[in-house]
Amino acid sequence: MKNLIKKLVESIGPSGYESDVRRLVQEEITDFADELRTDAMGSLIARKGTKKGNGMRIMLSAHLDEIGLVASHIDEKGFIRFSTLGGVYPRNCPGGRVRFMSGVEGVIGVERLESSEHNITIEHLYIDVGAANREDCPVKIGEVAAFHRPMLDLGNRIAAKSIDDRIGVAILIETLRQIKESPHELYFVFSVQEEVGLRGAGTAAYALDPELGLAVDVTLTGDTPKGPKMEVSLGKGPAIKIRDGRMLSDPRLIQHLVQAAQNAGLPYQLEILEGGTTDASAIQISRAGVPAGCISVPCRYVHSPSEMVDYNDVQNAVKLLVNVLSNPIQLDKSAA
Amino acid sequence: MMEISQFLIKMLSLPGLSGYEAPIRDLLMETWRPLTDDLNISRLGSLHALHRGAGLDSRPCLLISAHMDAIGLMVTGIVNEFLRITEIGGVDDRILPGQRVVVHGRRDLPGVVVKPPDFLLPPGKGGQTVAREYLLVDVGLLPAEVNQVVRLGDLVSFGQEPFELSGEALAGHSLDNRASVAALTVCLQELQHLKHQWDVWLVATTQEEETLGGAFTSPFEIQPDIVIAVDVTFAKGPGVNEHTAYPLGKGNTLGWGPNIHPALFHTFKDLAERLEIPYSMEAMPRHSGTDAYAMQVVAGGAPSMVVGIPLRYMHTPVEMVSLKDIQRAGRILAEFIARLEPDFLNKITWEDH
Numbered sequence: 001m002k003n004l005i006k007k008l009v010e011s012i013g014p015s016g017y018e019s020d021v022r023r024l025v026q027e028e029i030t031d032f033a034d035e036l037r038t039d040a041m042g043s044l045i046a047r048k049g050t051k052k053g054n055g056m057r058i059m060l061s062a063h064l065d066e067i068g069l070v071a072s073h074i075d076e077k078g079f080i081r082f083s084t085l086g087g088v089y090p091r092n093c094p095g096g097r098v099r100f101m102s103g104v105e106g107v108i109g110v111e112r113l114e115s116s117e118h119n120i121t122i123e124h125l126y127i128d129v130g131a132a133n134r135e136d137c138p139v140k141i142g143e144v145a146a147f148h149r150p151m152l153d154l155g156n157r158i159a160a161k162s163i164d165d166r167i168g169v170a171i172l173i174e175t176l177r178q179i180k181e182s183p184h185e186l187y188f189v190f191s192v193q194e195e196v197g198l199r200g201a202g203t204a205a206y207a208l209d210p211e212l213g214l215a216v217d218v219t220l221t222g223d224t225p226k227g228p229k230m231e232v233s234l235g236k237g238p239a240i241k242i243r244d245g246r247m248l249s250d251p252r253l254i255q256h257l258v259q260a261a262q263n264a265g266l267p268y269q270l271e272i273l274e275g276g277t278t279d280a281s282a283i284q285i286s287r288a289g290v291p292a293g294c295i296s297v298p299c300r301y302v303h304s305p306s307e308m309v310d311y312n313d314v315q316n317a318v319k320l321l322v323n324v325l326s327n328p329i330q331l332d333k334s335a336a
Numbered sequence: 337m338m339e340i341s342q343f344l345i346k347m348l349s350l351p352g353l354s355g356y357e358a359p360i361r362d363l364l365m366e367t368w369r370p371l372t373d374d375l376n377i378s379r380l381g382s383l384h385a386l387h388r389g390a391g392l393d394s395r396p397c398l399l400i401s402a403h404m405d406a407i408g409l410m411v412t413g414i415v416n417e418f419l420r421i422t423e424i425g426g427v428d429d430r431i432l433p434g435q436r437v438v439v440h441g442r443r444d445l446p447g448v449v450v451k452p453p454d455f456l457l458p459p460g461k462g463g464q465t466v467a468r469e470y471l472l473v474d475v476g477l478l479p480a481e482v483n484q485v486v487r488l489g490d491l492v493s494f495g496q497e498p499f500e501l502s503g504e505a506l507a508g509h510s511l512d513n514r515a516s517v518a519a520l521t522v523c524l525q526e527l528q529h530l531k532h533q534w535d536v537w538l539v540a541t542t543q544e545e546e547t548l549g550g551a552f553t554s555p556f557e558i559q560p561d562i563v564i565a566v567d568v569t570f571a572k573g574p575g576v577n578e579h580t581a582y583p584l585g586k587g588n589t590l591g592w593g594p595n596i597h598p599a600l601f602h603t604f605k606d607l608a609e610r611l612e613i614p615y616s617m618e619a620m621p622r623h624s625g626t627d628a629y630a631m632q633v634v635a636g637g638a639p640s641m642v643v644g645i646p647l648r649y650m651h652t653p654v655e656m657v658s659l660k661d662i663q664r665a666g667r668i669l670a671e672f673i674a675r676l677e678p679d680f681l682n683k684i685t686w687e688d689h
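In order, the protein sequence lines correspond to chains Z and W.
Under this note's numbering, the first residue of the first sequence carries the number 1, and numbering increases by one thereafter.
Under this note's numbering, the first residue of the second sequence carries the number 337, and numbering increases by one thereafter.
Since the hints were made in silico from the structure, they are not lab data.
Among the clues, some could well be false.
As the list claims (entries may be wrong) - No more than 30 Å apart at the CA atoms, straight line, and that leaves these computed lysine-lysine pairs for BS3-like:
hint, chain 1, residue 1, chain 2, residue 2
1, Z, K229, W, K461
2, W, K451, Z, K229
3, Z, K333, W, K346
4, W, K461, Z, K226
Stated by the list, open to error - Coverage of chain W stretches by chain Z, computed from C-beta distances (three or more under 8 Å per stretch; other residues unrestricted):
hint, segment
5, 473–482
6, 545–559
Stated by the list, open to error - Computed, partial: chain Z to chain W, Cβ under 8 Å:
hint, residue
7, R37
8, E231
9, R243
10, M247
11, I285
12, R287
13, A288
14, G289
Every residue, glycine too, gets a C-beta built ideally from N, C-alpha and C.
Taking the hints into account, I'd like the entire structure generated from these sequences.
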């Protein structure tokens with residue numbers, strides 16, 4: 001699976017510009033899906049199986065897009081000022097390398113700050129592509145870039161840009177490949193524009209009208225020096241989301257996922273994330289409402305160019321998903 | 337007729353935090369069943385109750401919502417025998433230390449919110465309101481016992497008992513928004529002896545305090561022609577701006593602003609004047625802070641209205657309302673319903689004056 005992850009994280013697809021990543025995913029899953037389509041927003045939707053007996057129509061969602069930058073101004077000396085696509089933290093930018101969709105690469109520089117007390121903002125930053133002046137600059141206003149760097153394989157752990165949420169994409173691809181028998185009609189949605197407001201998942205959920213929704217995305221951890229007070233760590237298993245900044249997971253689904261993990265002897269953690277959200281929150285309020293939850297991959301340094309996950313957590317997330325989706329799902333009313 | 341204060345106290349004694357409304361929903365089902373023609377539960381747990389109109393086959397349909405979910409806390413970690421917490425809905429950190437709570441673990445545990453002494457806080461954090469990340473809940477058990485009974489994600493409700501005050505006032509937690517659920521119940525009681533043409537769906541919504549989840553989804557299923565949200569609003573009290581609060585016990589507020597259909601505001605205003613029910617106009621320049629914000633734009637959209645019940649000390653365990661204002665809200669809703677003509681929708685246009 002590491003090769004798949006490497007391919008995914010080393011491709012570029014900021015929100016609204018997911019074509020390259022979509023093509024890559026399409027190649028990977030075309031032999032395993034019963035039906036494949038790209039919707040009006042650009043989300044890739046793969047169906048596997050049909051509803052049998054007590055099966056459900058289930059939407060799974062992992063987002064294709066990543067945070068990125070848009071060139072907004074090029075000055076006389078050829079320096080590029082930029083605006084952001086999604087939640088780019090200015091403090092994570094200086095010294096970073098970026099790659100435009102055209103293939104042009106550059107580095108992010110920072111103006112000299114007036115004092116050490118000064119916080120870096122986007123206004124202090126610029127991209128230097130090595131141009132001598134404006135005429136020499138190969139980038140035009142409106143061109144889109146993403147962080148650029150190769151994946152770092154640290155054995156049990158992997159660091160790369162856009163682990164958020166290519167790791168979810170990789171998990172869904174692997175799950176789709178491994179599922180043999182299922183009573184459910186499964187829709188694997190590789191959604192667009194998550195980082196700018198869960199926009200692809202919302203429209204896909206409306207179109208698919210699922211009876212159950214499950215996102216696969218990253219979550220923060222509390223296991224780094226002076227990190228947030230949060231009981232999620234790398235390597236202790238995939239996290240079953242209880243809540244995040246914009247969603248309370250369906251308690252019946254939480255109970256089902258916990259039970260499934262316990263029965264299968266898979267490690268898991270319970271996740272309470274105080275900020276941020278996932279595609280699941282858009283699915284939950286779609287149409288007349290959809291019971292929704294999320295399986296999260298614990299990830300350090302989210303929205304930086306070096307996001308880190310544990311490879312065992314990734315593999316266990318696949319095992320949990322394959323297990324859950326291969327069996328009937330009963331939502332126990334008493335859990336609500 | 338049921339004594340509304342007793343019913344309210346019964347509601348306040350039940351948990352039902354956002355996303356976990358089953359306990360309060362069960363009581364409402366039991367109370368509303370004999371008063372309604374049909375009951376069902378949405379996929380997100382909202383309770384839908386139909387009071388059928390007497391009109392022709394293709395009756396228009398009114399949806400009145402009051403959210404039944406309450407704010408509270410959730411366990412995010414266990415530190416020795418103490419529990420770390422986060423909020424569900426907006427909880428004011430300033431009032432937390434010293435509060436009695438109930439931790440809904442494998443069994444219910446009484447507990448208290450405690451703050452560390454100032455000298456144990458990081459430099460600069462002492463001598464002021466202690467941030468929630470430093471607060472803990474003590475349930476009085478030993479570490480091993482706590483780990484058996486409590487786990488991450490367990491809910492924590494306020495433990496303050498509701499109580500009646502002189503002057504027909506009631507204080508307690510979760511009056512936001514169970515005061516409005518009580519008003520819907522008063523409305524249902526009134527409808528038992530009123531004739532009406534429209535179908536009326538009373539909806540006790542879920543997750544208002546977090547995501548407006550119930551309000552975004554129930555109208556999609558019910559497809560109402562008009563939506564009304566009943567919710568609490570700020571009553572005048574210590575430290576509250578005169579111009580953004582309304583007197584307690586002196587009538588309901590009627591919402592006005594882009595979240596409100598002007599013709600519905602005027603219909604309610606005229607009705608209040610005719611029935612001699614006191615009211616205040618409540619300007620809602622943007623988000624009304626109610627279910628109406630979501631319901632107005634579900635699917636193709638619907639004309640919307642907000643009826644407010646003034647409440648003091650919002651989002652604390654001693655919220656305070658006037659029982660009279662609850663009765664008034666129930667009555668004006670019922671009278672509005674009784675006067676709804678089959679072609680009412682054709683007569684209203686968006687005239688913003």
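Structure-based check of each hint:
1. Z:K229 - W:K461: 17 Å, holds
2. W:K451 - Z:K229: 16 Å, holds
3. Z:K333 - W:K346: The hint holds at about 23 Å.
4. W:K461 - Z:K226: 16 Å, holds
5. 473–482: Per the Cβ count (0), the hint is violated.
6. 545–559: holds (count 10)
7. R37: 24 Å, violated
8. E231: Holds, about 5 Å.
9. R243: Holds: closest Cβ of chain W sits about 7 Å from Z:R243, inside 8 Å.
10. M247: 7 Å, holds
11. I285: This hint holds: Z:I285 lies near chain W, its Cβ roughly 4 Å from the closest one there, short of 8 Å.
12. R287: 5 Å, holds
13. A288: It holds, given that the least Cβ distance between Z:A288 and chain W is near 4 Å, below 8 Å.
14. G289: Holds, because the Cβ-Cβ distance from Z:G289 to chain W comes to roughly 3 Å (cut-off 8 Å).
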